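Here's the letter readout for the chains.
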Amino acid sequence: MQDQHIASAFDRDLEAIQAQIMKMGGLVENAILEAAVSPETRDEERADAVRRADTAIDELEELINEEAARVIALRAPTAVDLRLILTIIKVSANLERIGDYAKNMGKRTSVLAQMSPVNDSAGALRRMAKEVERMLKDALDAYIARDAELAQDVIDRDHDVDQMYNALFREFLTFMMEDPRNITACMHLHFIAKNIERMGDHVTSIAEQFIYLVSGNMPDESRDKEDRTSTTNMVTE
Amino acid sequence: MVIVTHSMQQAARVSQKTAFFHLGNLVEYGETGQIFTNPQDPRTESYITGRIG
Chain A
1 MQDQHIASAF
11 DRDLEAIQAQ
21 IMKMGGLVEN
31 AILEAAVSPE
41 TRDEERADAV
51 RRADTAIDEL
61 EELINEEAAR
71 VIALRAPTAV
81 DLRLILTIIK
91 VSANLERIGD
101 YAKNMGKRTS
111 VLAQMSPVND
121 SAGALRRMAK
131 EVERMLKDAL
141 DAYIARDAEL
151 AQDVIDRDHD
161 VDQMYNALFR
171 EFLTFMMEDP
181 RNITACMHLH
191 FIAKNIERMG
201 DHVTSIAEQF
211 IYLVSGNMPD
221 ESRDKEDRTS
231 TTNMVTE
Chain B
238 MVIVTHSMQQ
248 AARVSQKTAF
258 FHLGNLVEYG
268 ETGQIFTNPQ
278 DPRTESYITG
288 RIG
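In order, the protein sequence lines correspond to chains A and B.
Counting in the working numbering, the first sequence tops out at residue 237, every number present.
Counting in the working numbering, the second sequence tops out at residue 290, every number present.
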């Protein structure tokens with residue numbers, strides 16, 4: 001297939017909207033890392049910065065959606081161009097949700113910083129978030145290189161994140177049963193862990209979109225759900 | 238009924254199946270929905286996305 005459209009303005013539109021997605025991806029990667037470092041360092045200022053930075057992410061999503069609507073209206077994209085626009089709309093929504101989770105982590109960190117530390121789970125949370133950030137980075141790299149194999153690798157790695165979440169869930173539950181005074185802090189820490197787990201799901205969805213963009217087909221939905229906390233009674237097990 | 242057209246909009250709107258011919262040769266034939274969302278031949282893709290005239 002030829003690279004360029006006869007109407008070069010179409011190419012410029014597509015390039016501009018892809019550049020915006022990459023910019024948004026960069027901001028979200030940074031938000032994940034910053035949101036995950038602040039519970040460990042109990043750095044309220046850093047947590048506040050994450051909350052404020054979410055505004056820029058939200059604005060980019062709006063801009064991308066407006067641009068996508070304009071391209072559909074003016075250029076009537078088909079085939080790979082249509083898949084690109086559909087992918088961009090979905091991916092920008094996924095990125096925006098990840099940004100919201102980071103923002104929520106920032107809010108909870110501010111509350112946690114007022115309490116005495118309950119356990120050393122902050123390091124585990126940071127490692128879990130680091131893995132999600134790496135998955136997002138690889139997903140965006142897969143998109144640039146149109147590399148469906150790398151995108152599939154990202155999808156497979158979500159299992160690890162789910163397993164890390166399961167381990168933390170059990171740990172928090174144990175701490176809460178040991179001493180009810182831990183409940184408030186552990187609830188916040190648990191929501192932070194759940195936020196990171198959900199971020200992983202959104203990154204997975206982004207990687208699936210990129211496979212659809214490259215191949216024209218969505219990957220098989222045969223993944224086993226590794227997060228078993230919603231269907232298992234962890235207390236009696 | 239067979240309709241021959243250069244208008245992609247019209248081809249997509251009126252047909253059940255679409256065939257793409259280039260210089261008198263059949264390049265690709267299939268369900269209209271598939272041709273316009275996920276064509277298999279790069280020449281079909283270039284034509285319907287406006288990369289070649």
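Watch out, some of these pointers could steer you wrong.
[Stated by the list, open to error] Chain A is nowhere near these chain B residues, computed Cβ spacing over 10 Å in every case: (1) A256; (2) F258; (3) I289.
[What the hints assert, rightly or not] Covered, in the sense of this in silico footprint (three residues per stretch, anywhere, with C-beta under 8 Å from a C-beta of chain B), are these stretches of chain A: (4) 5-12; (5) 65-73.
Since the hints were derived computationally from the structure, they do not count as laboratory data.
Remember, predicted model here, so these are calculated numbers, not experimental data.
Glycine included, every Cβ here is placed at the ideal spot set by N, Cα and C.
The hints, checked one at a time:
1. A256: 16 Å, holds
2. F258: 17 Å, holds
3. I289: Non-interface label fails for B:I289: nearest chain A Cβ at 6 Å, not farther than 10 Å.
4. 5-12: holds (count 4)
5. 65-73: Contact hint for the stretch 65-73 of chain A vs chain B: violated, 0 residues under 8 Å.
Consistency with the previously given hints fails for numbers 3, 5, ordered from lowest to highest.
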